[in-house]
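Q: Okay, here's what each chain looks like letter by letter:
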Amino acid sequence: MQYQSQAVAKPYFIAAIALFVGQILFGLILGLQYVVGDFLFPEIPFNVARMVHTNLLIVWLLFGFMGAAYYMIPEESETELHSPKLALLLFWVFLVAGALTVVGYLAVPYATLAKMTGNELLPTMGREFLEQPTITKIGIVVVMLGFLYNVGMTVLKGRKTTVSVVLMIGLVLLAVLFLFAFYNPHNLVKDKFYWWWVVHLWVEGVWELIMASILAFVLIKITGVDREVVDKWLYVIIALALITGIIGTGHHYYYIGTPTYWLWWGSIFSALEPIPFFMMTVFAFNMVNKRRRNHPNKAATLWALGTAVMAFLGAGVWGFMHTLAPVNFYTHGSQITAAHGHLAFYGAYVMIVLTMISYAMPLMRGRAAANSNKSQVVEMWSFWLMTVSMVFITLFLTGAGILQVWLQRYSEDPQPFMVVQEKIALFYWMREVAGVIFLIGLLLYIASFFVGRNEPEAVAK
Amino acid sequence: MSGSFTKSMARNIFYGGSMFFILLFLVLTLDTNRKLPLTDNRHNLTEEVAHGKYLWEVNNCVGCHSLLGEGAYFAPELGNVYTRFGNSKEAIMGYIKSRPVDGIPGRRSMPQFNFSDEELAALAEFLKYTSEIDAAGWPPNIQG
Ligand code: HEM
Ligand code: HEM
Ligand SMILES: [Fe+2]
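Residue numbers (the numbering used here), protein chains in the order written: chain A, 53 to 513; chain B, 514 to 657.
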């Protein structure tokens with residue numbers, strides 16, 4: 053760690069991991085409710101557990117992104133952070149607001165929470181991923197603004213690198229696009245149209261900028277490859293991400309009451325969206341192959357290569373699978389969607405945050421470069437357990453999805469939703485088993501922070 | 514990447530390409546907004562429908578159901594439930610009203626929301642309005 057103020061990233065990363073555990077516990081509840089329908093009913097209905105699962109995911113990824121920025125920006129700018137105090141204050145504001153919101157979901161019926169928080173003044177609640185009370189949303193905007201001010205001032209007073217500029221563009225646009233969460237017209241088609249400006253333009257647009265810049269930063273650090281080369285890759289990757297991803301939004305405008313020309317625009321451009329993800333894979337392997345030094349943090353290298361591969365599989369391959377309009381006609385809103393959502397979020401955004409943590413945490417905890425061998429071995433076990441079990445979750449959901457589409461939508465004699473769900477229950481059981489293994493992997497990941505603390509650092513071979 | 518392809522060329526492709534496609538996206542958005550009245554069933558968007566949508570949101574129905582294919586995949590698609598229920602608002606109201614408080618043993622259950630009759634009517638009206646949106650022939654069949 054080169055600058056004292058980089059240490060503010062530490063609480064952000066710790067909170068991210070803690071909320072990650074919560075997310076997975078609620079994922080397991082959801083998975084069980086899929087097969088034991090009345091599990092925890094009516095105390096925690098499915099929709100409540102689902103909100104907790106998805107909102108914790110978003111919030112902990114945001115903690116991860118902010119932590120990554122607080123770590124990267126001073127080092128890239130070659131100066132201390134503008135205000136470490138502000139960063140710590142905003143940390144607590146965000147954590148308390150997030151915790152209160154989750155407690156609200158669990159403690160009172162959702163309609164009561166809406167009433168308590170004055171939703172009728174500016175109704176924004178009750179849409180997927182944007183379930184937070186309006187005041188929580190305002191809180192998120194305030195935290196984002198304070199955060200952007202803090203890192204922005206740091207960038208302005210210091211050295212400007214491609215990595216920091218791309219990261220800043222991604223973060224600013226993340227905040228700007230979130231403002232569409234406040235637009236909720238009565239017209240359902242319009243509501244859906246702009247809802248995707250938050251959801252799609254985040255994950256298939258500006259978050260890719262954030263991911264690519266974090267990946268570039270870590271690769272520069274662990275491979276020692278020249279910045280000129282890295283910067284060029286970075287620009288090409290994010291150019292392709294936005295060129296394909298913006299019009300690619302059209303793959304959500306097929307069957308929601310929008311004009312049918314979107315069937316063409318959406319299919320053609322979104323079919324190209326895997327390209328930037330594929331380039332990220334080539335980029336990561338290329339840099340590691342051309343490395344100028346052997347970095348002792350093998351675990352961080354594994355995460356960096358892993359996120360590039362898994363993002364390509366989850367977003368690129370599983371996304372392509374259902375993105376052409378004639379295919380999407382049958383798979384729209386099925387378990388295929390859920391399969392893709394899981395592998396894409398895990399491969400791209402969960403793993404990029406874990407890559408950053410893996411690289412930065414040892415340095416913030418006083419190591420010169422890396423954890424002990426023992427700790428890294430445990431961390432790499434957790435990498436494989438989580439990654440392989442997520443692949444299996446995806447495969448089981450894909451199996452369930454194919455059968456669902458066949459029985460409910462494609463065969464001669466389409467059967468009702470609930471009948472089909474019972475027939476494919478075996479796949480949901482297997483998904484739940486894979487989920488338990490994922491949790492074990494996550495617990496092992498946490499253990500890796502504590503084992504081998506007193507052993508000497510790993511050395512590069 | 515080869516030497517003749519410079520960093521500033523890459524940067525220009527990023528800024529130029531993004532700008533171009535943002536503008537194209539805005540143009541398409543404008544055009545979509547102009548054409549929406551043909552498909553989005555706005556002439557049936559009454560105050561009662563708007564109230565139904567509000568109730569849909571503050572009870573988080575989308576946390577279990579999908580609507581026009583978006584939402585959760587735990588419970589039936591509701592974009593066409595009006596037609597599945599024989600074009601009957603009464604049937605929808607009756608269904609929502611009759612959910613047992615403690616759920617159905619062993620089966621995925623829907624909560625009892627204790628709606629008033631006006632609220633039930635507004636929700637049913639909202640689901641009727643949704644079923645009349647022209648969604649390019651989706652869903653493939655009555656089962657949603
Ligand atoms: C890391 C990047 C990505 C993430 C995190 C992601 C995540 C998701 C999620 C969570 C959904 C479900 C949204 C909902 O609840 O309605 C979704 C839907 C979808 N995604 Fe992705 N995605 C990514 C990239 C891609 C790419 C590159 C493609 C195309 C090649 C793609 C194609 C689709 C399609 C077609 C749908 C709609 C599915 C439906 O009709 O039900 N995604 N994505
Ligand atoms: C890091 C790991 C995970 C990530 C990134 C993740 C992400 C997500 C996302 C994005 C959704 C919304 C999906 C959509 O709308 O298409 C979702 C829903 C869900 N997740 Fe996860 N999840 C993870 C782990 C798990 C685990 C371990 C389980 C259970 C074993 C699980 C079970 C579920 C279920 C049942 C749903 C609801 C699907 C529905 O709407 O019917 N998740 N998760
Ligand atoms: Fe998308």
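If you are wondering where the hints come from, they were derived from the structure by calculation, not from laboratory data.
Ideal placement from N, C-alpha and C gives every residue a C-beta, glycine not left out.
One thing to keep in mind: the hints can contain errors.
[Said to hold, decoys possible] Covered stretches of chain B, as calculated for chain A (at least 3 residues, CB under 8 Å):
1. 564 to 578
2. 600 to 610
3. 630 to 637
[As the list claims (entries may be wrong)] When the alpha-carbon atoms are kept at most 25 Å apart in a straight line, the in silico DSS-like pairs for lysine-lysine are as follows:
4. A:Lys-167 x B:Lys-520
5. B:Lys-548 x A:Lys-209
6. A:Lys-209 x A:Lys-137
7. A:Lys-242 x A:Lys-62
8. A:Lys-342 x A:Lys-209
9. A:Lys-242 x B:Lys-548
10. A:Lys-212 x A:Lys-426
11. A:Lys-62 x A:Lys-137
12. B:Lys-610 x A:Lys-342
13. A:Lys-167 x A:Lys-273
14. A:Lys-62 x A:Lys-167
15. B:Lys-520 x A:Lys-212
16. A:Lys-137 x A:Lys-242
17. A:Lys-212 x A:Lys-167
18. A:Lys-273 x B:Lys-610
19. A:Lys-209 x A:Lys-62
20. A:Lys-209 x A:Lys-167
21. A:Lys-513 x A:Lys-62
Q: Among all the numbered hints in the text so far, which are the ones the structure does not match?
A: Hint check: 2, 3, 4, 5, 7, 8, 10, 12, 13, 14, 16, 17, 18, 20, 21 fail, others pass.
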